[in-house]
Structure formats: structure tokens, C-alpha cells
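Student: Okay, here's what each chain looks like letter by letter:
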Amino acid sequence: MMKNTFKLAGNLALTLALAAAGIGAANAADKVKVGLMLPYTGTYAALGTAITNGFKQFVDENGGKLGGREVEYFTVDDESNPAKATENAKKLVSRDKVDVLVGTVHSGVALAMAKVARDTKTLMIVPNAGANDLTGPLCSPYVFRSSFSAWQPSYAMGEALAKKGVKSVATVTWKYSFGEESVAGFKEAFEKGGGKLVKEMTLPFPNVEFQPFLTEIASAKPDAVFVFFAGAGAAKFVSDYAAAGLKNSIPLYGPGFLTDGNLGAMGGAGEGLLTTLHYADGLTNAKDAAFRTKYAQTYKLQPDVYAVQGYDAAQMYEAGLKAAGGDPEKKDDVIKGMESAKIDSPRGAFTLSKAHNPVQDIYMRQVKGDQNVMLEVVSKGLEDPARGCKM
Amino acid sequence: MDFASFLIQTLNSLQYGLLLFLVASGLTLVFGIMGIINLAHGSFYMIGAYLAFVLTSATGSLVLAIVLGIPLALAFGAFLEWALFSHLYKRDHLEQVLLTYGLILIFEQLRSLLVGDDVHGVAIPAFLDASIQLTEVMSYPVYRLAISVICIVLAVALYYVIQRTRLGMMIRAGNDDRGMVEALGININMIYRVVFALGVALAALAGMLAAPISSVFPNMGSHVLIISFVIVVIGGIGSVWGALVAALIVGFADTFGKVLVPELSGIVVYVVMAVVLLWRPEGILKKG
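So the protein lines, in turn, are chains A and G.
Every letter in the first sequence is one number past the one before it in this note's numbering, and letter 360, counting from 1, is 360.
Every letter in the second sequence is one number past the one before it in this note's numbering, and letter 174, counting from 1, is 174.
To be clear, the hints were calculated from the coordinates, so they are not data collected in a lab.
Among the clues, some could well be false.
What the hints assert, rightly or not - 25 Å max Cα-Cα, derived SDA-like pairs, lysine to any residue:
id : chain 1 : residue 1 : chain 2 : residue 2
1  : A       : Lys-196   : A       : Ala-220
2  : A       : Lys-221   : G       : Val-259
3  : A       : Lys-84    : G       : Lys-90
4  : A       : Lys-187   : A       : Glu-200
5  : A       : Lys-322   : A       : Arg-118
6  : A       : Lys-390   : A       : Leu-111
7  : A       : Lys-196   : G       : Glu-136
8  : A       : Lys-97    : A       : Asp-333
9  : A       : Lys-300   : G       : Asp-117
10 : A       : Lys-221   : A       : Pro-204
11 : A       : Lys-247   : G       : Ala-146
12 : A       : Lys-84    : G       : Ser-222
13 : A       : Lys-115   : A       : Arg-292
14 : A       : Lys-167   : A       : Pro-251
15 : A       : Lys-199   : G       : Met-1
16 : A       : Lys-175   : G       : Val-272
17 : G       : Lys-90    : G       : Gly-179
18 : A       : Lys-287   : A       : Glu-61
19 : A       : Lys-84    : G       : Ser-112
20 : A       : Lys-199   : G       : Glu-136
In isolation and in its complexed conformation, chain A is listed as follows (with noise of 0.2 Å):
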């Protein structure tokens, strides 16, 4: 009895020695779990590795570390397919039971990740999907956004045109939800300065035969086009809007996806081309600089919109982590972090908005040759107006 009794004893304080050790062992070695769920094959592949690239870098910078921990990386190849989201989201949070989730490109897919975020409560970086209802009626405390809404480049637009005195436009772009909201957001600041839109044409995505919407602006001949296109679509519209020989007669504007990542495919049909967007070839900031040699020399490659992105999420997650003294699992505290840092972007400072959307400068970017050159700010920071969002 009472050999068993000491024997029990001396299980139990082995036990709890043995306990407490691995507590210590493991608050020590605990990582920081980052999952990263981006497209790493199919049209938007480009995309997902320069994010990964971007926050991969500013971890480096910091030692390896955020919130002065190790990082422990989970990589799911989203596809950009909206079917597979929810699972793929799912497998992050419930099996690898990841503190953050940083994705995607695709918006259908970001909607659907941002769901499982906001019903597991578990943190979101939108590093680029620019649909409005992330940080609109979808807002969520725990979903925050690096990049930007498809309403602020093309908002600053509308708004730059007017002040232009540009009259009349008519539009164009796929019938998809980016596609819209970026000629509403055009729409609604270019009708309040005065200006009308004369057509809005659109098409189905990804249809690429623009050849009668041409037509068409030759005989409504409007002061200007207003297009949203992006990648091989863009490359199309850019070269056939200039082989009609509208280019010379009708100036085109556009948010500066039209010429991002694709003035190579243009073969000089983009040339002096004005778009606008959050970020530019040849800002001026000493961040930028530091940022794009650092990323040159690691990566082999120059850095893009996308890399910023991904940069700047792994640097919100990093405000939010110091707030809360380094630990994940302090998520209100992680959160308030986050929603009152002044973060030192490669684009120039900004802040988040009440949505969690960036509150940032827009810039008129004009193509010089194969880049995108910074004119001006066109709009000093530009807070996406976050309608429907109740937080």
C-alpha cells in the first residue's frame, strides 16, 4: 500500500515535471503558423509566387521571426478555383491550425476563405482579391486587406478626368464583378465632377473580340474610354484599341491593371498610356528603393504590385503581433494592433480604414517604355467608402 502510494506520487510529480517542462519547451519552440493559400499554378501563378516572394522577404528582414517568433509556413495552391476554397480553407485552419491566413488573388475564392475566417474566428490577410464586399457588407474583425478595392484606382480615376474637364466616356470591360464595380467606382466620381457616361458596353469574361466595341466608340467618338481589363484581355484591348487608330483620336484610361505585368505582350501599343493604381515604377520613398534591390538581388526578378502586397501583409501581421506582445492567440489584441498601425509600405505609409481596407494614395502612372511611371498622386489617401459594412 504504501509503496504504491510513494509510487503513485512519484508518478504524478514525474508526471507534472515532465509537464511543465514541455509547456516551457514548448512556449519556447512555438511558431508562428502562416498559411499560405495562393495560386501557384494556372493564369494568376505569376501572382501567388510574387506574394509569397514579398512576405517571404519582409520575414527575412526581420530576422526570420514575427512577433519575435520563428514562422512556420503552410502552402496550399489555390488554383483559383472558388470550389475548392472552402475546403482548402478549411484543411488550413481546423488540421495545420494556422494564426493567420494570408490569400488569395482570385476574389470568388477570397469570399469564400474570408467565410471560413469569419466563422472559425481565424485571422485574414487579403494580400490582392480586390472585391468590394471583402471590406464592404462581408466585413469581418478578423478580415483585413494589404491591397486595395476595385473601387479606389478606378474612384481617383473618375475623379482626375473630371478635373481634366473630360466630358463625356463610354466604357468597357467583362461583365464580371470586378469588371463593374471598377466602371461604378469610375461612374460615381466622374458623374459627380460633371462628366457623363455616353455607353457602357460590356462582355462576357473572358470573351476577347472587341472588334464591334470599337466600332462602336469610333461612331459615339467620346472625349475619352474608361476600360477595366486585366492580363492577356488587357494585352488584346490595349493593341486593338491602338490597330483601329482610336488611340490617337480617344485617350484611354483605365485602372493599372490594364498595364500591369503585360506591356511586354503590348509590343509598344501601350506607349504614354495613363493608368491609376496604389503603386508605380519610380516613387521617390527610400523604402521602395531598399525594397526593390533587396528583392532584385533575392529573387532574380523585379518586384510588382503583387510583391508589395504580400510584403505589406506579412508587415500588418507583424504590428499586430508586437501589440499583443508576440503571442497569436491574443487575437483582439492582434486585431487592435492591426487596425491602428501606421504601416511603411514600398507604396508610400498607410493606414486601414475601419473595414480594414487600405487607406492609401492613388497614383496617375503613365507607360514609358516597358514600366509604369509615377506622374502624381492623384488622390491623397483614398478610404474605399466601405458601404454596407456594419463594424
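Could you slot chain G onto chain A? The hints should help.
Tutor: Leaving out everything else, chain G in the frame of chain A:
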């Protein structure tokens, strides 16, 4: 719409329709004559466009790229027929769909490994890089007109080969009764190889010609695949002439649909297809 706009939109329709014909003609040959449902047809279009990009970068001339690219596409088509498709003739459509869908994935992955995922442009040959002024602000690129001319020439040539030559006669006979043709001592396997290689070359040629105006980008083949099947079905499976008529109908429906009923522009082509099939369930020009 004023009269000048109407004329230009008509030109747009013709030009778009003719380019669609070039892609669909290869599909209708392979589908109609060999009975193969070839989902990878769009990939051959994509391969053609990338060939144009790579060869134009290497040689500096699109014309030279096309001259080099066509034999490559023919050889590639003959190889695929020998290695894969020749085993499929007696199998059912499901297995053909599986194989050709697999090929799409393989070709896209190879493209990604070899050339990357960027969007590329191909320069228009200097002697065609001009435009004709149509209205005071609108002009028409000569290159687009040149493509239309090439498409018309090819349509006539295809019609001639299939209807008027001995090879064409054997192709048509092989389609009607494979066993009888073999019994007559004609090497039907060789005929099929020729037809398949021709189909691949036509799709690749379409990709090469379209490269300067459509730009070259990942998954570009899937965009043309569906519309090609629509054309083949409207035109009547296996009929080259039918494909031409159907491609022009689709060109007009798409162009004027975008202008006149923009809200419905996504479905106009499919409505036209449904109407045609109600009227003639086997397509406008039945095979044979």
C-alpha cells in the same frame, strides 16, 4: 446604328467568322471523318500560337515562323496519331474524351514548364503592319484583312482536296465504310494519319495567324474549343462547307449580339445553335 457602322460591323463579323472557321475546320475533319471527339483541339491552337511566339523570337519573322511551324505541326499530329489516337478508333467516346482531356492538362503543363505563364505578344510582319482609314476616327488593320483572305483560300483548298482529289475520295470512303476501303487494298491507317495531322496543322495555323492579334497566353486553347464545337455542330459534323457557313453565322451572331442586345451577348450564339438544331437536328449541311 448608322450605315457606316453597320458596314464596319459586317466586316467585323466576316473577319471573326473566317478566323473561327480556320480553327473549327480541323475539328470537323477529325470529328466527322475519324469519329474522334478531340477535346485537345484547342491545345493545338495554343501550341500553334506559342510556336509562332517562340519561332518569331528566334527567326525575327512571323512568315518564317509559320513556314517552319506548319511542318512541325504536321509531324506532331502524325506522331500523336501513331502513338495514341490510332488505338482509339474502336473504343467508345468516353475513352476518347478521357485521353484528350488528359492531353489538355499535359500540354498546358508542358507549356508552363517550357515557356512560362506570362502573356506574350507577337509582332505583325512589317509589310502587313498598316491600316486602312474607314471613318475619320476608325481604321482597319491590314493584317486582319490578310487573315480573312488566307482563311478563304484555305476553305477553297480544303473543299477542293476533299471533294475533287483521289485522296479526298479515299478519306470520304474511309468515313463511310472503313472495312470496305481496307478490303479494296487502301491503307486506311495511313489516310487517318494524314487527316489527323492535317487537323492538328489547321488548328496550329489558326493559332499562329491569330497570335499577333489575340496575344499569346496560358489556357488560350480552352477559349476557342467550345466555340469550335458549336460551329461543328451547327454546320453538320464532318462537313467543311458546313463549318464555313456555321462559322460565319456565329461571327455575325456574336458581333451583332454584342452591339444590339448587349445584356444577352453571352447567350446569343447558343440561342442560334438551339434554333438551328431544332430546324435541322443534324446541322445545316449534313455530312456526305
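Student: Take the hints in turn and mark each one as holding or not.
Tutor: Here's how the hints hold up against the structure:
Of the pairs offered as hints, the one joining Lys-196 of chain A and Ala-220 of chain A holds, with about 13 Å between alpha carbons and a cut-off of 25 Å not exceeded. Annotation: proposed proximity of Lys-221 of chain A to Val-259 of chain G holds, straight-line Cα distance about 16 Å (limit 25 Å). At most 25 Å may separate the alpha-carbon atoms for a hinted pair to count; Lys-84 of chain A and Lys-90 of chain G exceed this at roughly 36 Å. Proximity of Lys-187 of chain A to Glu-200 of chain A is assessed by CA-CA distance (about 10 Å); at most 25 Å being required, the pair is judged to hold.
Restraint check for Lys-322 of chain A and Arg-118 of chain A: the C-alpha separation of about 23 Å stays at or below 25 Å, so the hint holds. Under the criterion of a C-alpha separation no larger than 25 Å, the hint pairing Lys-390 of chain A with Leu-111 of chain A is consistent with the structure, at around 17 Å. This hinted pair checks out: Lys-196 of chain A and Glu-136 of chain G have alpha carbons roughly 23 Å apart, not beyond 25 Å. Between Lys-97 of chain A and Asp-333 of chain A the CA atoms are separated by roughly 19 Å; this keeps the pair inside 25 Å, and the hint holds.
Only pairs whose Cα atoms come within 25 Å are accepted, and Lys-300 of chain A paired with Asp-117 of chain G is accepted, the gap being roughly 17 Å. Under the criterion of a C-alpha separation no larger than 25 Å, the hint pairing Lys-221 of chain A with Pro-204 of chain A is consistent with the structure, at around 24 Å. Between Lys-247 of chain A and Ala-146 of chain G the CA atoms are separated by roughly 22 Å; this keeps the pair inside 25 Å, and the hint holds. Pair hint Lys-84 of chain A plus Ser-222 of chain G holds up; C-alpha atoms about 20 Å apart against a cutoff of 25 Å.
The suggested pairing of Lys-115 of chain A with Arg-292 of chain A is violated, with an alpha-carbon distance near 34 Å, which exceeds 25 Å. A threshold of 25 Å between alpha carbons decides the hint, and for Lys-167 of chain A with Pro-251 of chain A the separation of about 13 Å falls inside it, so the pair holds. Simply put, Lys-199 of chain A and Met-1 of chain G have alpha-carbon atoms about 13 Å apart, close enough for the 25 Å limit, and the pair holds. Using a Cα cut-off of 25 Å, the hinted pair Lys-175 of chain A and Val-272 of chain G holds, with the two alpha carbons roughly 21 Å apart.
For the given pair, Lys-90 of chain G sits about 12 Å from Gly-179 of chain G by alpha-carbon distance, which is consistent with the 25 Å threshold. In summary, the hint linking Lys-287 of chain A to Glu-61 of chain A is supported, as the alpha carbons are separated by about 13 Å, within the 25 Å threshold. Distance check on the hinted pair: Lys-84 of chain A and Ser-112 of chain G sit about 22 Å apart at the alpha-carbon level, within 25 Å; holds. Among the hinted pairs, Lys-199 of chain A with Glu-136 of chain G is consistent with the structure: their alpha-carbon atoms are about 19 Å apart, no more than 25 Å.
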